[in-house]
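Engineer: These are the residues of each chain, in order.
2 protein chains.
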Amino acid sequence: MEYKIQLRESDMPKQWYNLAADLPTPPLPPLGPDGKPVSPQMLAPVFPMNIIEQEVSTQRWIDIPEEVLNILYQWRPAPLRRAVRLEKLLKTPARIYFKDESVSPAGSHKPNTAVAQAYYNKVAGIKRLTTETGAGQWGSALAFACALFGLECKVYMVRISFDQKPFRKLMMQVWGANCVASPSTETHAGRKILAETPDTPGSLGIAISEAIEAAVTDPTGQTRYSLGSVLNHVLLHQTIIGLEAKKQLQIAGEKLPDVVIGCAGGGSNFAGLAFPFTTDKINGAKIDIIPVEPAACPTMTRAPFVYDHGDTACMTPLLAMHSLGHAFVPAPIHAGGLRYHGMAPLVCQAIVEGLFAPRSYHQSKCYEAAMTWARTEGMICAPETSHAVAATIDEAIKAREEGKEKVILFSYSGHGLMDLSGYDKYMSGKLSDYELPEEVLQQCTKDLAKMPPAPMRKSGRW
Amino acid sequence: MEYKIQLRESDMPKQWYNLAADLPTPPLPPLGPDGKPVSPQMLAPVFPMNIIEQEVSTQRWIDIPEEVLNILYQWRPAPLRRAVRLEKLLKTPARIYFKDESVSPAGSHKPNTAVAQAYYNKVAGIKRLTTETGAGQWGSALAFACALFGLECKVYMVRISFDQKPFRKLMMQVWGANCVASPSTETHAGRKILAETPDTPGSLGIAISEAIEAAVTDPTGQTRYSLGSVLNHVLLHQTIIGLEAKKQLQIAGEKLPDVVIGCAGGGSNFAGLAFPFTTDKINGAKIDIIPVEPAACPTMTRAPFVYDHGDTACMTPLLAMHSLGHAFVPAPIHAGGLRYHGMAPLVCQAIVEGLFAPRSYHQSKCYEAAMTWARTEGMICAPETSHAVAATIDEAIKAREEGKEKVILFSYSGHGLMDLSGYDKYMSGKLSDYELPEEVLQQCTKDLAKMPPAPMRKSGRW
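Protein sequence lines correspond, in order, to chains A and B.
FYI, the numbering for the first sequence is 4 to 465, going by my numbering.
FYI, the numbering for the second sequence is 4 to 465, going by my numbering.
Check each hint, because a few of them may be wrong.
[Said to hold, decoys possible] Keeping only pairs whose Cα atoms sit at most 27 Å apart, straight-line, the calculated DSSO-like set for lysine-lysine is: (1) B/LYS94 / B/LYS407; (2) A/LYS94 / B/LYS125; (3) B/LYS284 / B/LYS250; (4) B/LYS94 / A/LYS125; (5) B/LYS125 / A/LYS91; (6) B/LYS130 / A/LYS91; (7) B/LYS250 / A/LYS250; (8) A/LYS130 / B/LYS249; (9) B/LYS94 / B/LYS368; (10) A/LYS289 / A/LYS125; (11) A/LYS368 / A/LYS258; (12) B/LYS91 / B/LYS250; (13) A/LYS94 / B/LYS130; (14) B/LYS368 / B/LYS409; (15) B/LYS91 / A/LYS125; (16) B/LYS250 / A/LYS91; (17) A/LYS94 / A/LYS125; (18) A/LYS17 / B/LYS368; (19) B/LYS91 / A/LYS130; (20) A/LYS407 / A/LYS433; (21) A/LYS195 / A/LYS449; (22) B/LYS368 / B/LYS433.
[What the hints assert, rightly or not] Derived contacts from chain A toward chain B, CB cut-off under 7 Å, selection only: (23) TYR6; (24) GLU12; (25) MET15; (26) LEU151; (27) PHE152; (28) VAL177; (29) ASN181; (30) ILE254; (31) CYS317; (32) GLY381; (33) LEU423; (34) ASP427; (35) MET430; (36) LYS433; (37) TYR437; (38) PRO440.
Note that these hints are calculated values from the structure, not bench results.
Every value quoted in this text rests on a predicted model; they were computed, and no experiment measured them.
Every residue, glycine too, gets a C-beta built ideally from N, C-alpha and C.
All chains, please: the whole structure from these sequences, using the hints.
Structural biologist: And the structure:
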């Protein structure tokens, strides 16, 4: 038995997988301010055309450019590891595998799409990218990618994380990016929110508004916006995770996994691992595919499926997704990357189809799992990743109780070395859990009723 | 061309290499308080006998226990990477390879020996380990290893790093270790130094005194001390770095490297990479082997070769080494792991033999190199590692000027994600350099003249 399965560079997938080609029902299109589907041209001030083409593509396989591969090779193929010591501790008959995305220079799965997006902008002649970041994983990933392609990079970082995680900002600066706390005084959107709620901890929705505004109002026209999750092209770039994992499981002598697990904030990490296995499920394989979200921000498990904006200031098109409403500001949990009011439309459509079984956890349970993980497997995971670890432990115990020799695969989306303050709170007994109150959810749902309806389309039916 | 060369687990070396077997002149033995060589029994209160046997062994190859291999597999074999983008930037004909030890759970090469030491103590029936740590790389590595073997772990962390790097302490706590600032009030040695110099930034020498005292005074007799560098057995455990690199260079189609570079504080990182190539040099190969140290703590380049204690309170035997004196407190440079008054006796003996060509750099030059590295190769290195990066850049430029197609190999000993405050100082123009004044060096040398003489033995001559 090998403890980790390494692919050679020559065996790394050379194409991304597009789930849109295989979903029983294609996802609902984004809508413009007029309630009609947006055209590619309408998105042109925000994204370069080569990315917009990917965003709307229904082609099953899309080539990864060689320039992108040459940078991914730095840390990819990422290892698939076996959590032998955790299996032993839990006395489970399950075999637990995890795809280790923490090995990238920025410490998470995020560079997989950052590199691709920086490349496409570069070849489109763009000089500067703007973006938002929550915990800082995405901002540092884009800063890294921009450094390698010689692009300028501006990051709006959710204030609570900006204050809690000064070292993330330093990472971005080392890579040459400019990072400010959001809401900032640099944009109309930021100033408006600061005027209304000066003490706001910020949110991904607000930071996205600021970053889009900064991109589209640049008079030189050489700035575009880059998003770290949610959109189809971002999920596409992440499918290299699951494609590699599939090859690696075969090398390990496994067929398909019985359970696939990933934490989901905007959905790209989860989708990256899960989509290449979702196609097997669509074709009849029995796989439990589980996106895990925080109970403090329960989009998939409690929020309605609606048309809503991706950002707080309503600058994005309307996306068909599970949403708590674009004005929703999630409680200040440590997993900053999971504090998002919406969810990737492709993930949501698959949920509607019954392909995924989302669940939510409180952060104290996740930190407990992360501590167990650190002391058995020896790795310190990101607060986001701890949600997947918690679900994996639950599934491994379930396998023990059922006496089933299952194969569990989860995405180890990032390390927690930049996010240790949450561990500090947990160890000193000062960690709070936040349950979204039912009345807040009802108010969100009521507000969302003003948006255009998103018909639930399942298996081709409207 | 592959950007990184991965070995399979089955190709990982199963034995460590002991340079003591091949040095032209065996190193001088450690001396006890009576000026006579220490016997293994005299070290028994400090280390378990299985480690003492390794410390004095002159056997060329020593088996790595299977229990140790099974944990090393988690991140080993570590990748050998090619720094193609740096080569291009420098327009050098040199091929630059680096052995990436930053991929370990603790982020550096330190777990290579931490795991071995925890194992040997465990099988010797020891329940608890004490140690010192500078920047925290070693303390967190031992905490990690102790967690996996179920040992208690107590870490005395040099105060300046304890204050500058709170997250390192949190890492140790997540792995279950107890970490205090040194000098502490918990030991006689600590209290004495605090009484004399209450504002001391601390030093590795002081922290070692505290950790040894805590081990040998434990009334249960079940505590031992663990050292992260300097001693023969520690260097031995690190040779897996160079042994792997040797195999990987062959896979890459290279013969021996022309230049081998590593930063050196206590010497274990440098030795780990260099020793397996030193034997080739002894046998006639032409290799420039360069240990790099900070100009603020110049043991190899400026300090005399003498018998001195490894710690400030004179608890260790006398070691034959380049030393600035056991009472020397280095300036507060950011590379905490290089702030040590001495140097591994095996490294020093090889310097005496003319096998290594040590050099020193100021930290501002190293941070400049680290910034170049981050923006071309995309990786953020530890302040210690930046010394090796700086030397690599110098050597690559030299190869360009000489028009020589050299193979340069360096040890990428750790990532800098926990050490970003130094980058902050550099980027904001607030970084200071510290040159050791000649009069301070002369005073050190004068004080050391009171110690027993260490005859320079070169190539078998006394």
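Engineer: Taking the hints in turn, state whether each one holds.
Structural biologist: Evaluation of the provided hints:
Of the pairs offered as hints, the one joining B/LYS94 and B/LYS407 holds, with about 12 Å between alpha carbons and a cut-off of 27 Å not exceeded. For a cut-off of 27 Å, the pair hint linking A/LYS94 to B/LYS125 stands: about 23 Å separates their Cα positions. At roughly 17 Å between alpha-carbon atoms, B/LYS284 and B/LYS250 fall within 27 Å of each other, so this suggested pair holds. The hinted pair formed by B/LYS94 and A/LYS125 meets the criterion: a straight-line CA distance of about 23 Å does not exceed 27 Å.
The suggested pairing of B/LYS125 with A/LYS91 holds, with an alpha-carbon distance near 19 Å, which does not exceed 27 Å. A hinted pair counts as satisfied when its Cα atoms are at most 27 Å apart, and B/LYS130 with A/LYS91 qualifies at roughly 22 Å. With a C-alpha separation of about 26 Å, the suggested pairing of B/LYS250 with A/LYS250 holds against the 27 Å cut-off. At most 27 Å may separate the alpha-carbon atoms for a hinted pair to count; A/LYS130 and B/LYS249 exceed this at roughly 42 Å.
Taken as a hint, the B/LYS94 and B/LYS368 pair is honoured in the structure, with Cα atoms around 20 Å apart against an allowance of 27 Å. Note on A/LYS289 and A/LYS125: the hinted pairing is violated, with a Cα-Cα distance of about 42 Å set against a maximum of 27 Å. Taking the CA atoms of A/LYS368 and A/LYS258, the gap is about 31 Å. The hint is violated against a cut of 27 Å. At most 27 Å may separate the alpha-carbon atoms for a hinted pair to count; B/LYS91 and B/LYS250 meet this at roughly 25 Å.
Among the hinted pairs, A/LYS94 with B/LYS130 is consistent with the structure: their alpha-carbon atoms are about 25 Å apart, no more than 27 Å. Using a Cα cut-off of 27 Å, the hinted pair B/LYS368 and B/LYS409 holds, with the two alpha carbons roughly 23 Å apart. Taking the CA atoms of B/LYS91 and A/LYS125, the gap is near 19 Å; set against the 27 Å cutoff, the hint holds. Between B/LYS250 and A/LYS91, the direct Cα distance comes to roughly 33 Å. Violation of the 27 Å bound is thereby established for this hinted pair.
At roughly 51 Å between alpha-carbon atoms, A/LYS94 and A/LYS125 are farther apart than 27 Å, so this suggested pair is violated. A threshold of 27 Å between alpha carbons decides the hint, and for A/LYS17 with B/LYS368 the separation of about 40 Å lies outside it, so the pair is violated. This hinted pair checks out: B/LYS91 and A/LYS130 have alpha carbons roughly 22 Å apart, not beyond 27 Å. Distance restraint check for A/LYS407 and A/LYS433: the Cα-Cα separation of roughly 38 Å exceeds the 27 Å cut-off, and the hinted pair is therefore not satisfied.
Taken as a hint, the A/LYS195 and A/LYS449 pair is honoured in the structure, with Cα atoms around 24 Å apart against an allowance of 27 Å. With a CA separation close to 14 Å, the supplied pair B/LYS368 and B/LYS433 stays within the 27 Å bound. A hinted interface residue such as A/TYR6 counts as satisfied when its beta carbon comes closer than 7 Å to some beta carbon of chain B; here the least separation is about 4 Å, so the hint holds. Taking 7 Å as the C-beta cut-off, the interface hint given for A/GLU12 holds, the closest approach to chain B being about 5 Å.
Checking A/MET15 against chain B by beta carbon gives a least distance of about 11 Å; that is not within 7 Å, so the hint is violated. Residue-level restraint check for A/LEU151 holds (minimum Cβ-Cβ distance to chain B is 6 Å; threshold 7 Å). Proximity of A/PHE152 to chain B is violated relative to the hint, the smallest CB-CB distance being about 11 Å (cut-off 7 Å). Annotation: interface hint on A/VAL177 holds; nearest CB of chain B at approximately 5 Å, less than 7 Å.
Look at A/ASN181: its Cβ only gets to about 12 Å from chain B, farther than 7 Å, so that hint breaks. Checking A/ILE254 against chain B: minimum C-beta separation of about 11 Å lies over 7 Å; hint violated. Among the interface hints, the one on A/CYS317 is violated; its C-beta lies about 36 Å from the nearest C-beta in chain B, farther than the 7 Å criterion. Below 7 Å, beta-carbon pairs count as interface contacts, and A/GLY381 has one with chain B at about 5 Å; its hint therefore holds.
Because the smallest distance between the Cβ of A/LEU423 and any Cβ of chain B comes to about 4 Å, under 7 Å, the interface hint for this residue holds. This hint holds: A/ASP427 has a C-beta 5 Å from the nearest C-beta of chain B, less than the 7 Å allowed. Interface restraint check: A/MET430 against chain B, minimum CB-CB distance 6 Å, threshold 7 Å, status holds. Taking 7 Å as the C-beta contact cut-off toward chain B, the hint placing A/LYS433 at the interface is violated, the least distance being around 13 Å.
A hinted interface residue such as A/TYR437 counts as satisfied when its beta carbon comes closer than 7 Å to some beta carbon of chain B; here the least separation is about 23 Å, so the hint is violated. Hint status for A/PRO440: violated, given a least beta-carbon distance of 32 Å to chain B, over 7 Å.
The structure fails to meet hints 8, 10, 11, 16, 17, 18, 20, 25, 27, 29, 30, 31, 36, 37 and 38 from the earlier list, while all remaining hints are met.
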